[in-house]
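Chemist: Number 459 in full-length UniProt numbering belongs to position 459 of the sequence shown; there are no gaps in the numbering.
Warning: the hint list may mix true and false statements.
[What the hints assert, rightly or not] The calculated label-pair distances, taken between Cβ atoms and stated as ranges, are:
1. Trp-413 <-> Arg-80: 27 to 35 Å
2. His-493 <-> Leu-320: 34 to 42 Å
3. Lys-559 <-> Lys-216: 14 to 22 Å
4. Trp-53 <-> Thr-395: 44 to 52 Å
5. Thr-188 <-> Leu-120: 53 to 61 Å
6. Gln-117 <-> Lys-346: 43 to 51 Å
7. Lys-216 <-> Gln-117: 45 to 53 Å
8. Arg-250 <-> Phe-328: 48 to 56 Å
9. Met-397 <-> Ala-184: 34 to 42 Å
Derived by calculation from the structure, the hints in this document are not laboratory data. All residues carry an ideal CB built from backbone N, CA and C; glycine is no exception.
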Amino acid sequence: MVTRWWLVSATFPVVAGLLCALAIMFNICAVSQGWREIVDVDGSVSTIDQPAWAVVLKALSLAFAVVGYIVLLLTMISKRDPVKGFIVTIMCWCASAATLLSVIGVIAGEHTTVGPQQTLQYTQNYFYGTFAAGHYVLIAVLLAIYTGSVHSAHLTHEERRTVECTSIILRATTFFAFLLGGAAVYATIEGWTFMDALYWADYTLLTIGIGNIVPKTHLGRSLLFPYASAGIFNAGLVITSMMSFTENIRELNIKLKMEEVHSGMQGRRCAAECSSDSHGDREKQAPETPAESRYPNKADLLKFQRFKRDFYRRHRWMTLIWSGVALFFLWLLSAVIFRRSERSQKWTYFEAVYFTYTSLTTIGYGDLYPTSNFGKAFFVFWSLLAVPVLTNLITAMAQLGFEKLTYLLRYLWRFQASRLGRMNRDAQRERERNKSVPGPGIANDSNTRASEPTNSIQPPNGVQSSSTYEKRESGKSLVQAAQHSLLLGEEIHKLISILHSSSTTQLDLYTEWDRILPLLHPESDGRDLSETTSLATLYGHTGTVLEFVETDIPTIDMKKEILWMLKFVTERFCSHLREGLEREQSGRSHTLS
């Protein structure tokens with residue numbers, strides 16, 4: 001059984017991989033230049049050379065992070081137990097964080113003497129180093145939580161590939177490499193610093209377009225066409241992969257929950273088998289009881305559908321709520337940070353909110369922009385998180401609105417179909433009631449037949465009467481078995497046709513279950529086969545059995561449920577043929593004996 005902790009931490013490996021790729025990019029920025037600079041009165045900036053030991057430690061931290069990243073990917077790809085690989089990854093990230101934090105502590109504690117009209121400040125590289133160290137600590141904790149709960153879920157290899165998806169991590173890594181590569185090229189072409197070039201590449205590829213730093217050379221403007229086009233396309237792939245991964249995790253969660261429901265059905269079957277084994281005589285009298293218990297009844301189906309309905313409703317609202325909370329933090333609370341970092345520009349809180357809003361929505365007027373070292377570094381980190389979150393929020397809101405409109409149209413359609421179905425049933429009952437009243441000719445004919453002598457149809461002895469009765473009962477049972485097999489085969493054909501159809505928007509699952517349940521349990525309600533046939537025929541478009549079940553679920557999940565129906569109908573069909581074959585063999589052996 002899957003624990004709650006595992007369900008909560010199911011996305012942690014991918015999140016850790018994404019943040020690790022981002023931390024490695026920040027770590028590279030931290031290694032590239034010194035961490036302190038002196039600003040003169042005229043505004044000129046001179047960077048203080050970093051000591052050799054600091055360069056070695058920062059490079060060592062980067063090496064630990066890269067090793068941990070590679071081990072994480074290999075562990076997620078392999079089919080072996082991932083615990084050992086995750087432990088090695090966690091140790092590498094902890095070593096990276098400890099190394100960087102030690103350098104940060106020493107640099108922050110040093111006292112450097114500057115002139116009376118000079119200012120000492122930290123560079124963007126220093127802040128990127130602090131961001132990287134914080135990321136290493138965070139992803140080590142996330143992966144440790146997942147590692148502690150990984151054995152609580154027994155996943156197949158395909159399910160592990162869904163949870164430990166490496167494609168999204170590799171796409172994000174490609175995008176970050178594209179950022180760094182473009183920054184290095186444009187820093188050389190335009191004469192910018194590497195950090196300012198990274199800041200420019202960030203708001204260019206994310207289509208924010210602030211515009212306070214722009215290429216001015218002919219070569220730089222010419223290279224913008226392929227660079228921006230490929231970068232925007234790559235960013236779109238990353239965002240699409242994130243959305244696809246979220247959907248896959250949702251489908252896996254509901255699949256695991258449904259397996260718990262199915263395991264309850266299997267437990268009931270095992271209990272029935274144990275009960276039948278302890279009562280041997282009852283097993284001989286009712287051999288179909290264990291076989292019947294493997295198929296869902298109305299109570300199981302109602303539980304299944306209600307759980308799915310609650311799950312999808314909760315998932316939609318939780319996605320909307322969490323996206324809204326994330327937007328609140330990234331918009332309003334980030335404005336507090338930008339207002340603090342841009343004290344030199346005397347931003348008010350409203351101006352900071354205005355700036356974060358125009359940047360989040362990629363409007364990018366460019367009238368306000370960060371100029372401090374911390375403001376630029378934080379903008380890069382903030383924008384890489386904010387734009388995908390806002391995209392997911394807009395998608396969730398649009399999907400929720402579209403689904404609500406679709407639900408309303410389906411409800412109106414089902415309501416009208418239900419009314420027409422009730423009218424047709426009432427008319428059918430009225431016609432059957434009129435036909436059931438016998439006329440006078442029919443009564444006289446029946447009385448005449450009753451008065452006729454019956455000696456001609458009486459068997460000569462009791463043996464022939466018993467044999468004739470057994471033949472009639474055997475023939476009747478064979479006809480019923482053939483009719484039931486035909487119904488099962490026709491239902492299999494209908495389900496396959498539904499799966500082959502391009503759209504299932506007009507499909508009501510409760511009507512399908514209403515038609516299938518009598519076929520799975522033909523003996524459960526005491527009706528004969530003709531009544532089962534009329535139920536599947538008359539009530540197939542009204543949904544009388546499951547009319548209170550809401551089945552507004554995505555198309556892919558509807559087709560999965562159709563496959564579930566097909567599985568049960570096929571099993572019932574094979575079981576029915578097997579029972580008929582066993583009866584035929586036992587009848588032949590009885591005749592020969």
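Chemist: With reference to the structure, classify each hint as holding or not holding.
Modeler: Here is what the structure says about each hint:
no. : hint                            : verdict
1   : Trp-413 <-> Arg-80: 27 to 35 Å  : violated (51 Å)
2   : His-493 <-> Leu-320: 34 to 42 Å : holds (41 Å)
3   : Lys-559 <-> Lys-216: 14 to 22 Å : violated (55 Å)
4   : Trp-53 <-> Thr-395: 44 to 52 Å  : holds (48 Å)
5   : Thr-188 <-> Leu-120: 53 to 61 Å : violated (28 Å)
6   : Gln-117 <-> Lys-346: 43 to 51 Å : violated (22 Å)
7   : Lys-216 <-> Gln-117: 45 to 53 Å : violated (31 Å)
8   : Arg-250 <-> Phe-328: 48 to 56 Å : violated (23 Å)
9   : Met-397 <-> Ala-184: 34 to 42 Å : holds (38 Å)
In summary, the structure is inconsistent with hints 1, 3, 5, 6, 7, 8 from the numbered list given earlier, while agreeing with the others.
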